[in-house]
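Engineer: Keeping the supplied structure of chain A fixed, place chain B upon it in accordance with the hints.
Protein chains: 2
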Amino acid sequence: MVQSELVRPDERVDSLERGGLRIIQSPRAFSFSLDAVLLAHYASVANYDTVMDLCTGSAVIPLLLSTRAKGLKQVGLELNAEAAERAERSVLLNNLTGSIEIIAGDVRKVKAVLRGRRFSLVTVNPPYLPLGQGVASSCDAHRMARHEVDVTLSEVVSAAAYLLATGGRLAMVHRAFRLTDILVVLREHRLEPKRLRFVHHKVNTEARLVLIESVKDAKADLKVAPPLYVHQENGALSLELQELYAGGELR
Amino acid sequence: MVQSELVRPDERVDSLERGGLRIIQSPRAFSFSLDAVLLAHYASVANYDTVMDLCTGSAVIPLLLSTRAKGLKQVGLELNAEAAERAERSVLLNNLTGSIEIIAGDVRKVKAVLRGRRFSLVTVNPPYLPLGQGVASSCDAHRMARHEVDVTLSEVVSAAAYLLATGGRLAMVHRAFRLTDILVVLREHRLEPKRLRFVHHKVNTEARLVLIESVKDAKADLKVAPPLYVHQENGALSLELQELYAGGELR
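Each protein sequence line maps, in turn, to chains A and B. Each residue of the first sequence is one higher than the one before, starting from 1 at the first, in the numbering used here. Each residue of the second sequence is one higher than the one before, starting from 1 at the first, in the numbering used here.
This is chain A alone, in the form it adopts within the complex (with noise of 0.2 angstroms):
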């Protein structure tokens, strides 16, 4: 589709920097960052897989994912109708309808706006912080993004858990500080952590975000990989994130 077509006075276009992909952004709404774009590589995926992926906001993850493995029928679920439309029309713009669909809908109500779907692969870079907690952004697309007002760590993972199958896999991104928290309800919804990595902003500093992938029914055996840092110490990326912006993909 030709871009001006399918892009408003209000909104601009960034690169991914990857495959020459596009993603259309509102200025106004809750940009992607690169906690996403961590997800999008850290996630197992597979050709063929069918992946779903939970809160997509502009639909970062799938477009990123689309580069990663062959074949691939995607779902992006945002519930904010706004962002959705957006991100179907990212979708366009990079000629990809035939392998991402987007819904608007909730996670909260998957069984009925899914009713009798499964995927073999569930992302999700959900709402970080919970309610209470952090300074409230004054903007409404901003606060959603940011703090479980629309969904709690645990209704998303009892998504993931209802969309999956077993030996399905879910790969989430979270803040590290919840550490407990998330391998908790994990847990309680027999998605086993099997992979776990964390970030940190340079070497020395506490991890700030966590990469986590568990695997539905599986047994519990958690690998912790060496953590990822997101900048040397002189304030460049790191070797391994340019690395993966040149295309390479992390562990």
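Mixed in with the good hints there might be a few duds.
You can't tell identical chains apart in this list, so a pair holds if it fits in one copy or across any two.
As the list claims (entries may be wrong) - EDC-like, lysine to aspartate or glutamate: derived pairs with alpha carbons at most 16 angstroms apart:
#1 Lys-223 - Glu-192
#2 Lys-194 - Asp-217
#3 Lys-216 - Glu-188
#4 Lys-73 - Glu-188
#5 Lys-219 - Asp-181
#6 Lys-219 - Glu-243
#7 Lys-111 - Glu-155
#8 Lys-194 - Glu-206
#9 Lys-223 - Asp-181
#10 Lys-109 - Glu-243
#11 Lys-109 - Glu-5
#12 Lys-223 - Glu-206
#13 Lys-202 - Glu-233
#14 Lys-194 - Asp-221
#15 Lys-73 - Glu-101
#16 Lys-216 - Glu-243
#17 Lys-109 - Glu-155
No lab work stands behind these hints: they were computed from the structure. Predicted model, so just to flag it, every value in this text is computed and none were measured.
Structural biologist: For chain B alone, kept in the frame of chain A given last:
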């Protein structure tokens, strides 16, 4: 006490490389490992703490803790009567009978063995592998220290929860692959994980151990520290461990 009166012909005396401390060990039984040394330097011990070390073995943790704070009153609990008696002689050998008490008893029976006694800090380097995993040693003393033959993770944490009042700390070292089990069991017993640090053999290897400190009835907010590396790339001890053995502390 004179060493010759306290050490049996089939035992040996090792230096703990701190404060002139010595420890009696039997070559036939389980020797203390790096894990215990790391835990003794990770626990946040304060002057005048009352400390319980569960599964104390050779009492290496109480001995090392005695160099880190003043006015400590410590108890080491050990199921194996032979190990407990040997630990008691190590305490004597270091003239620490006034501050370290060794009790031969079952961690599963703390309510009976230690009725009414409460501690400000509990430390534990528990048996590691769940039953059925790993290669069982032919030696019983080895088997007990390495496997959950006599006590499970859940029983150890339950004992710690009983022995701590609100605000009391539990410092534990365990295998990283059990992280989910550990966090789930700690949360179940209202021992909220507050500090966590992974131990890697060296850079770019998976985590082998996890050091974790919980606070009873605290609010959820976990700090994940930068990783600890045991060795440098060239195989030498890491600078942080060299510093620890020279009198420094772990974070």
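Engineer: Could you run down the list of hints and mark each one as holding or not?
Structural biologist: Taking the hints in turn, this is what the structure says about them:
1. Lys-223 - Glu-192: So Lys-223 and Glu-192 pass the 16 angstroms test inside one copy only (12 angstroms; across, 22 angstroms).
2. Lys-194 - Asp-217: Result: close within a single copy only, 11 angstroms intra versus 28 angstroms inter.
3. Lys-216 - Glu-188: within (11 angstroms within a copy, 22 angstroms between copies)
4. Lys-73 - Glu-188: Cα proximity of Lys-73 and Glu-188: none, with 28 angstroms in one copy and 39 angstroms across.
5. Lys-219 - Asp-181: between (20 angstroms within a copy, 11 angstroms between copies)
6. Lys-219 - Glu-243: Result: close neither inside a copy nor across copies, 33 angstroms intra and 39 angstroms inter.
7. Lys-111 - Glu-155: Cα proximity of Lys-111 and Glu-155: one copy only (12 angstroms, versus 39 angstroms across).
8. Lys-194 - Glu-206: between (22 angstroms within a copy, 13 angstroms between copies)
9. Lys-223 - Asp-181: between (18 angstroms within a copy, 13 angstroms between copies)
10. Lys-109 - Glu-243: Neither: 39 angstroms inside a chain and 55 angstroms across chains, both beyond 16 angstroms.
11. Lys-109 - Glu-5: neither (33 angstroms within a copy, 74 angstroms between copies)
12. Lys-223 - Glu-206: So Lys-223 and Glu-206 pass the 16 angstroms test across copies only (7 angstroms; inside, 19 angstroms).
13. Lys-202 - Glu-233: within (7 angstroms within a copy, 19 angstroms between copies)
14. Lys-194 - Asp-221: within (6 angstroms within a copy, 23 angstroms between copies)
15. Lys-73 - Glu-101: So Lys-73 and Glu-101 pass the 16 angstroms test inside one copy only (8 angstroms; across, 64 angstroms).
16. Lys-216 - Glu-243: neither (31 angstroms within a copy, 43 angstroms between copies)
17. Lys-109 - Glu-155: Cα proximity of Lys-109 and Glu-155: one copy only (9 angstroms, versus 39 angstroms across).
The structure fails to meet hints 4, 6, 10, 11 and 16 from the earlier list, while all remaining hints are met.
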